[in-house]
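Chains A and B supply the protein sequences, listed in that same order.
Last residue of the first sequence: 358 in my numbering, with the numbers rising by one and none dropped.
Last residue of the second sequence: 358 in my numbering, with the numbers rising by one and none dropped.
In case anyone wonders, no lab produced these hints; they're calculated from the structure.
Just so you know, not all the hints are guaranteed correct.
Because identical chains share one entry, a pair is satisfied inside a single copy or across any pair of copies.
[Said to hold, decoys possible] Result set (EDC-like, lysine to aspartate or glutamate): computed pairs, CA atoms no more than 16 angstroms apart in a straight line:
no.	residue 1	residue 2
1	K24	D255
2	K111	D95
3	K190	E306
4	K21	D255
Number of protein chains: 2
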Amino acid sequence: MIAELAQRAQELGGVKLYKRNIERVLSGLLVSDDFWTIVDISDLPVPGASAIVKVLIEEGLAFVDSSDGIRLTQKGLDLVKELGIEPHFDYTCQACEGRGIPFYAKPEFYREFLQLTKERPKAIRDYDQGSVTPETTISRVLFMDARGDVRNKNIIVLGAEDDLTGLAIALFRKARSVLVIDIDKRLIDFDNEIFRSLGIENARAMVWDLRNPLPKEILGSYDVFVSDPPETLPAFRAFIGRGIATLRQDGGVGYFGLTLRDSSVFRWRDFQVSLTTEFGVAITDIVQDFNIYETWDYHKETKAWELAPVKRDPQSTWYRSAWYRVEALPGFKRWNEPIGDDVFYLDEEGSTT
Amino acid sequence: MIAELAQRAQELGGVKLYKRNIERVLSGLLVSDDFWTIVDISDLPVPGASAIVKVLIEEGLAFVDSSDGIRLTQKGLDLVKELGIEPHFDYTCQACEGRGIPFYAKPEFYREFLQLTKERPKAIRDYDQGSVTPETTISRVLFMDARGDVRNKNIIVLGAEDDLTGLAIALFRKARSVLVIDIDKRLIDFDNEIFRSLGIENARAMVWDLRNPLPKEILGSYDVFVSDPPETLPAFRAFIGRGIATLRQDGGVGYFGLTLRDSSVFRWRDFQVSLTTEFGVAITDIVQDFNIYETWDYHKETKAWELAPVKRDPQSTWYRSAWYRVEALPGFKRWNEPIGDDVFYLDEEGSTT
């Protein structure tokens with residue numbers, strides 16, 4: 006029965022699914038009626054989670070109530086009982102939001118970042134932006150510092166400055182140098198203005214479209230890179246491939262977010278094969294749900310919204326991504342080819358652009 | 006200078022090393038004089054960390070003080086300053102010990118486990134045993150439960166029962182069934198006695214040497230496996246390859262610990278290539294320092310002790326491992342070949358057996 010549901014949802018959603026995906030959605034429906042929370046709990050791309058919910062509704066196992074909540078029918082509850090599925094249980098540490106590192110470990114740093122970024126540019130759709138919470142950004146810097154990847158390092162942040170991670174690293178005032186490159190001039194100007202006004206001389210920001218190869222002087226020049234790519238294969242190359250290309254030598258380190266909300270675990274395997282074989286790096290960390298995103302203003306214009314089985318605003322933050330750390334090993338590859346426009350932001354698994 | 010030190014230490018220790026490894030050891034020496042803490046901070050195999058410390062001493066950059074602590078000389082301090090190396094900073098969340106999930110989320114479960122395991126068998130050298138703290142074991146079960154990998158699942162624990170993870174899963178009383186297999190009859194008897202006395206009928210334990218292929222009835226029968234292999238390549242196959250072979254279908258899940266104290270990041274890449282290409286699984290989580298080990302009684306009989314630049318007891322827990330979670334994808338491989346005795350527990354990077 007449940008394998009059949011997975012098969013039908015897979016055909017409807019165009020995303021590979023298996024039995025445990027159905028179980029997770031059912032487990033989520035036992036604790037929330039919010040579609041976006043279900044996506045979060047089930048760790049599925051939106052098209053996948055949406056297709057499962059739609060199939061459950063078609064089968065009379067779930068229904069949409071008068072407040073656009075999704076609920077199990079008696080038939081659905083019977084199935085859940087028969088299968089022994091229990092409510093999703095969340096044990097996330099309340100102190101560190103599950104990251105293992107508390108964002109308030111350096112209160113004066115957190116405070117300064119908050120005050121300086123009060124008027125930050127809002128995430129816009131053009132560049133698949135979506136900002137992580139300030140607590141996430143601060144935690145990224147502390148995580149990097151705990152691994153010895155900040156102090157006295159030359160650090161580049163590529164195409165991820167909607168999160169202001171480059172700004173935060175500069176404000177931490179421990180790096181040797183910080184270069185921020187991003188396609189969005191608003192962010193570049195925002196960063197440079199703060200660097201200038203605070204007299205931070207070892208950081209700068211510059212406009213760059215990562216579809217283009219990086220200029221020579223950036224290649225092989227950095228100890229650490231940070232990025233946050235869209236989850237398509239071309240974008241992965243443009244952001245992570247080029248990130249690795251900026252590393253000066255073996256032992257260079259990369260950080261980036263990857264989500265299961267816009268790519269499946271199947272795609273993740275492809276990324277991992279590419280990282281460990283083609284690019285020649287080892288993965289040292291994958292911390293799920295490290296990056297928590299504010300719901301973007303343009304949510305109702307996205308394919309995700311269009312695909313959703315109900316049109317109701319998310320009841321809380323729902324979009325999370327994992328935090329990857331990789332280390333470049335001897336013989337690692339500096340990839341820096343040009344990339345076309347096609348499927349850069351969107352493909353069959355992505356939907357939140 | 007520092008690249009040269011790395012080169013010399015690499016030759017001395019027989020473990021690949023690069024510049025950042027030296028930096029991490031120096032950073033550690035700014036906060037601790039305890040060799041074992043330095044190994045922990047530097048995330049290096051013992052032979053690697055030991056070789057670095059020995060080279061630092063030879064170069065007059067460090068010395069052994071009268072209480073067998075390792076300290077930087079003035080020359081060492083000058084170098085550290087010149088290189089801009091700063092003291093290692095630890096931001097680990099005090100609430101959850103950095104795991105992201107607090108072990109006290111289910112106090113009655115934690116309490117029962119502690120009381121029942123007061124007289125647990127001690128870790129012995131014969132089987133490369135080393136027990137994680139009870140807080141680690143409990144956190145493993147909660148982590149698994151948060152991912153939907155316990156309730157109503159058939160779970161097998163392979164060759165890792167020195168940590169009593171199988172016992173803990175059974176005590177959680179949410180799995181459909183639990184099978185524990187381990188080479189150590191003491192642990193098997195310990196588990197079975199508790200299962201019997203508490204009337205836990207869905208759990209059992211049986212003696213098995215993982216060098217031998219698993220019996221047919223175990224292959225392809227489980228939803229989730231848990232293991233904790235020695236970090237040699239043959240042992241990785243025996244524990245993780247066979248673990249994957251126990252999985253019933255796509256979407257099956259595996260958990261295991263891997264450390265950087267007994268294998269390098271280079272070896273990790275080999276493991277990751279093997280997982281994602283040969284075995285056909287995706288890696289969904291790598292949580293560093295999740296597993297904290299009690300220092301074993303036989304520490305002074307190990308190669309690690311012999312290699313250590315000073316013979317002094319560890320000043321605190323120092324051996325940690327990362328917690329991996331993998332998901333089996335369509336076409337995953339059930340590996341179940343026999344394995345020889347050679348280099349099962351020890352090789353050039355391993356030393357704590």
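Status of the hints after comparison with the structure:
When the C-alpha separation of K24 and D255 is checked against a cutoff of 16 angstroms, the pair qualifies only between copies, where the shortest distance is 8 angstroms, while the shortest distance within a copy is 41 angstroms. Taking the shortest Cα distances, K111 and D95 sit within 16 angstroms of each other only across copies (12 angstroms), while inside one copy they are farther apart (27 angstroms). Taking CA atoms no more than 16 angstroms apart as the test, K190 paired with E306 passes in neither setting, with 23 angstroms inside one copy and 62 angstroms between copies. In this homomeric assembly, K21 and D255 come within 16 angstroms of each other (Cα to Cα) only across copies, at 11 angstroms, whereas the closest approach inside a single copy is 36 angstroms.
In this structure, only the earlier hint numbered 3 is contradicted, and the remaining ones agree with it.
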